[in-house]
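Q: Quick mapping for you: the protein sequence lines, in order, are chains R and Y.
In terms of our numbering, the first sequence has 391 at position 391, counting the first letter as 1, and numbering is strictly consecutive.
In terms of our numbering, the second sequence has 32 at position 32, counting the first letter as 1, and numbering is strictly consecutive.
What the hints contain is simulated information worked out from the structure, not anything from laboratory work.
Since the model is a prediction, treat every value here as computed from it, not as a measurement.
Misleading hints may appear alongside valid ones.
If you only want the chain Y side, here are some residues facing chain R, beta carbon under 7 angstroms, derived [claimed, not checked]:
#1 F135
#2 D140
#3 D150
#4 F221
#5 L237
#6 F249
27 angstroms max Cα-Cα, derived DSS-like pairs, lysine-lysine [to be verified]:
#7 Y:K197 to Y:K236
#8 Y:K121 to Y:K139
#9 Y:K69 to Y:K2
#10 Y:K236 to R:K346
#11 R:K130 to Y:K121
#12 Y:K121 to R:K366
#13 Y:K120 to Y:K197
#14 R:K353 to Y:K236
#15 R:K359 to Y:K120
#16 R:K35 to Y:K64
#17 Y:K54 to Y:K25
#18 R:K4 to Y:K240
#19 Y:K2 to R:K331
#20 R:K353 to Y:K126
#21 Y:K2 to R:K366
#22 Y:K204 to R:K4
#23 R:K346 to Y:K121
#24 R:K353 to Y:K71
#25 R:K31 to Y:K69
#26 Y:K120 to R:K346
#27 Y:K25 to R:K4
#28 Y:K197 to R:K4
#29 R:K366 to Y:K254
#30 R:K208 to R:K197
#31 Y:K117 to R:K359
#32 R:K35 to Y:K139
#33 Y:K218 to R:K359
#34 R:K31 to Y:K2
#35 R:K346 to Y:K54
#36 Y:K25 to R:K366
#37 Y:K126 to R:K31
#38 Y:K71 to R:K4
We put the beta carbon where it would ideally sit given N, CA and C, even for glycine.
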Amino acid sequence: MDFKRINEKLEILADAAKYDVSCSSSGSNRKNTNKGLGNSNGMGICHSYTEDGRCVSLLKILLTNHCIFDCAYCVTRKSNDIKRAAFKVQEVVDLTINFYRRNYIEGLFLSSGIFKNADYTMERLIAVAKKLRQEENFNGYIHLKSIPGASDELMREAGLYADRLSVNIEIPTEKGLKLLAPEKDRKDFIKPMEKVKNEIIQYKNEKKLLKKVPIYAPAGQSTQMIVGASGETDAEIMYTSAYFYKSFNLKRVYYSGYVPISNDSRLPTIGSAVPILRENRLYQTDWLLRLYGFDVRELLNKEHPNLESDIDPKLSWALRNLDQFPIDVNKADMRMLLRVPGLGLKSVNKIIKARRYRKLNWEHLKSIGASLNRAKYFIVCDSTIFETKDRTSAQLKSIILSNSSSKFSATLSNQLSLFDNPNTLSA
Amino acid sequence: MKTILKYEGSFEGLLSSVFYVYEHKLKEVSIIKEEHYEPNFFDHSITILSEPKKAKGVWQGLSKKISPKAKTKLYKAFLSETLNIENTILYYIRKGLSASVSIENDFTDSEILHIEKTVKKVDREKHRMDAFVRFQLTKDGIYFATIEPDFDVLPLNTSHFKSRYADQRWLIYDIKRNYGIFYDLLNVQTITLELSKDIHRGDKASLYFTYEEIEFQKLWFNYFNSSNIGSRKNIKLHIKHIPKRYWKFLTEKKN
Numbered sequence: 001m002d003f004k005r006i007n008e009k010l011e012i013l014a015d016a017a018k019y020d021v022s023c024s025s026s027g028s029n030r031k032n033t034n035k036g037l038g039n040s041n042g043m044g045i046c047h048s049y050t051e052d053g054r055c056v057s058l059l060k061i062l063l064t065n066h067c068i069f070d071c072a073y074c075v076t077r078k079s080n081d082i083k084r085a086a087f088k089v090q091e092v093v094d095l096t097i098n099f100y101r102r103n104y105i106e107g108l109f110l111s112s113g114i115f116k117n118a119d120y121t122m123e124r125l126i127a128v129a130k131k132l133r134q135e136e137n138f139n140g141y142i143h144l145k146s147i148p149g150a151s152d153e154l155m156r157e158a159g160l161y162a163d164r165l166s167v168n169i170e171i172p173t174e175k176g177l178k179l180l181a182p183e184k185d186r187k188d189f190i191k192p193m194e195k196v197k198n199e200i201i202q203y204k205n206e207k208k209l210l211k212k213v214p215i216y217a218p219a220g221q222s223t224q225m226i227v228g229a230s231g232e233t234d235a236e237i238m239y240t241s242a243y244f245y246k247s248f249n250l251k252r253v254y255y256s257g258y259v260p261i262s263n264d265s266r267l268p269t270i271g272s273a274v275p276i277l278r279e280n281r282l283y284q285t286d287w288l289l290r291l292y293g294f295d296v297r298e299l300l301n302k303e304h305p306n307l308e309s310d311i312d313p314k315l316s317w318a319l320r321n322l323d324q325f326p327i328d329v330n331k332a333d334m335r336m337l338l339r340v341p342g343l344g345l346k347s348v349n350k351i352i353k354a355r356r357y358r359k360l361n362w363e364h365l366k367s368i369g370a371s372l373n374r375a376k377y378f379i380v381c382d383s384t385i386f387e388t389k390d391r392t393s394a395q396l397k398s399i400i401l402s403n404s405s406s407k408f409s410a411t412l413s414n415q416l417s418l419f420d421n422p423n424t425l426s427a
Numbered sequence: 001m002k003t004i005l006k007y008e009g010s011f012e013g014l015l016s017s018v019f020y021v022y023e024h025k026l027k028e029v030s031i032i033k034e035e036h037y038e039p040n041f042f043d044h045s046i047t048i049l050s051e052p053k054k055a056k057g058v059w060q061g062l063s064k065k066i067s068p069k070a071k072t073k074l075y076k077a078f079l080s081e082t083l084n085i086e087n088t089i090l091y092y093i094r095k096g097l098s099a100s101v102s103i104e105n106d107f108t109d110s111e112i113l114h115i116e117k118t119v120k121k122v123d124r125e126k127h128r129m130d131a132f133v134r135f136q137l138t139k140d141g142i143y144f145a146t147i148e149p150d151f152d153v154l155p156l157n158t159s160h161f162k163s164r165y166a167d168q169r170w171l172i173y174d175i176k177r178n179y180g181i182f183y184d185l186l187n188v189q190t191i192t193l194e195l196s197k198d199i200h201r202g203d204k205a206s207l208y209f210t211y212e213e214i215e216f217q218k219l220w221f222n223y224f225n226s227s228n229i230g231s232r233k234n235i236k237l238h239i240k241h242i243p244k245r246y247w248k249f250l251t252e253k254k255n
């Protein structure tokens, strides 16, 4: 192995892949068969964290950063003057296996620039996965990119070796896509996603009837959207997200604050801040949709097209719906408990278990882990002391804000001015 | 007068102590590791010998009232090595065995909640070791790693590593507690070693490890740095995820 050459390639092709934020390695169910190498069942593992605080779970690289497309938001676009490189299939296999054996990673996340055409590229990605599975007896996690426009036959094959497949729709709205990637068509993104969805459904049906069905993409599909590159509202992003969750049974949608990489006048200029706070609020909203039983229309709608930046979306919803509070923690159902600001999944779970023994009071709630500095305005419990004052939502908001410190307080003041500046967001 | 039961520090020893408590119907009692015991004028102390039969009897007897899941929690709480955890475990056992309904979810009881929280910490440390172990391939073909976990979690890591790395020989060594687990392609066994003092020195690496090993470490180090996005730098979050005490074991964080 020519370590020097591999190292050069690795630097280029890891650097180019880092804007893909997904690094999940969970949700698969691949066992280690016949004393082979690796497994991937259940929980994923983050083996390290980069200095930006993101999880490193997979060897995340591009097969090549040569690309025939010229999407304005992408660092590997054709017109960008950067170093180009390409891995051979065997080189990716060797890197994956050797990193895996040393417990650096859970597996491989392989993406690629598009060279020649979609099918040619997809075939190369599949070749890597196939080799890992069949020649190396590798049972670790493999995440492959579905190349927009790839044929149904190839997508079928990809799912036989990969745990997860993903297509990044990148731009949340069709008009944004027309502006920034005029050569691309939304339909090309959807086609492989549709095929994989149908294959997964078919696999699940067959599995009910037959004993031996080759597993197909057990960790499902995901996608990613860039935030803050094309002037879209939070409502536009989250409605697109909700649509994809529903129509394609996606496991996850990722939101990636646009990191300026180009002087293109259609985009935020180099040096403008990455919208990290906005990204965080979108993730919070995503969690509320997937795990807390909220409907996207409750959180974002015509009257509220954007999320509030100074408070989280659940608190924001609660303040708009004060008529539904306070609720009694000793009686309320799970659905309503999950809607209380300051109660998370874990504390709700503990509350429901513990209240079978006795009625809970403030002390109990505190030791269980509820954030009472927020929750206390929305609940009553087994105590004669509770918030009795009738306050307007504006009053409540200012009390809660003054009693808590946001981890974003520094960025908040910066980013608020960023949001106020129309030039940075409307491309 | 309170009775102090001193045991040698093993889980069997703790269960043997519990046996003694029930056998002698002790009310005022405290269980402590021998090494932590400080003689005290008022109390009466007894040294408990670890007896596998009695320990097994207690462990099986617990199943009458305590679920397998909760038993695992007690074991994990023990591995935390927290001072006084023995008495919280004893409290849990006594309450569990005497109650008519399961006590396991009564988080309004501060001692039960304490077990719950301790288990959470132990689980996190176990998970960290699954993540932070960095194997180095030695010249005699063993994937070797050293760790220094906050709690004695190595026994909990065995099954994960055994099922994952089934086709390579590996050894994970806890240098704080001076024992390790070794997989020889068939079984995992607990071993104790005299480790060379200079095994962690970068300039001595070529004495112990293969050429490829050192090259792969460089590749990983560079990969790690290439995948960082500079404009999103967030050191506080970085350190929250990987506290500094683990850095010396992480290939990508060593200089």
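Q: Checking one constraint from the list: CA of K35 of chain R to CA of K139 of chain Y, max 27 angstroms. Satisfied?
A: 23 angstroms, holds
Q: Starting from K126 of chain Y, check that the Cα of K31 of chain R is at most 27 angstroms away, please.
A: Given pair K126 of chain Y, K31 of chain R holds - Cα atoms ~21 angstroms apart, limit 27 angstroms.
Q: Hinted pair, alpha-carbon criterion (27 angstroms max): K117 of chain Y, K359 of chain R. Please report holds or violated.
A: Holds. K117 of chain Y to K359 of chain R sits at ~21 angstroms (cutoff 27 angstroms).
Q: Has the given pair, K35 of chain R with K64 of chain Y, been kept, meaning a C-alpha gap of at most 27 angstroms?
A: The given pair, whose Cα atoms are some 38 angstroms apart, is violated under the 27 angstroms limit.
Q: Just to be careful, I want the Cα atoms of K71 of chain Y and K4 of chain R compared with a cutoff of 27 angstroms; is the pair within it?
A: 52 angstroms, violated
Q: Check whether the Cα positions of K120 of chain Y and K197 of chain Y lie no farther apart than 27 angstroms.
A: Roughly 34 angstroms between the alpha carbons, so the hint for K120 of chain Y and K197 of chain Y is violated.
Q: Could you grab the alpha-carbon distance between K346 of chain R and K54 of chain Y and see if it respects the 27 angstroms cut-off?
A: Given that 27 angstroms is the threshold and the Cα spacing comes to 37 angstroms, the pair is violated.
Q: Double-check D140 of chain Y for me: the hint is only fine if its C-beta lies closer than 7 angstroms to a C-beta in chain R.
A: With a minimum Cβ separation of about 16 angstroms from chain R (threshold 7 angstroms), the hint on D140 of chain Y is violated.
Q: Would the hint on F249 of chain Y stand, with a C-beta cut-off of 7 angstroms toward chain R?
A: This interface hint is violated because 11 angstroms lies over the 7 angstroms limit.
Q: Just to be careful, I want the Cα atoms of K353 of chain R and K236 of chain Y compared with a cutoff of 27 angstroms; is the pair within it?
A: Not OK: K353 of chain R and K236 of chain Y at ~35 angstroms, beyond 27 angstroms, violated.
Q: Are the Cα atoms of K197 of chain Y and K4 of chain R separated by 27 angstroms or less?
A: Status violated; Cα separation ~31 angstroms.
Q: Does K4 of chain R pair with K240 of chain Y here, judged by a C-alpha cut-off of 27 angstroms?
A: Violated, because 34 angstroms separates the two Cα atoms, which is more than 27 angstroms.
Of the hints listed earlier, those the structure fails to meet are numbers 2, 3, 4, 6, 7, 8, 9, 11, 13, 14, 16, 18, 19, 21, 27, 28, 29, 33, 34, 35, 36 and 38, in rising order.
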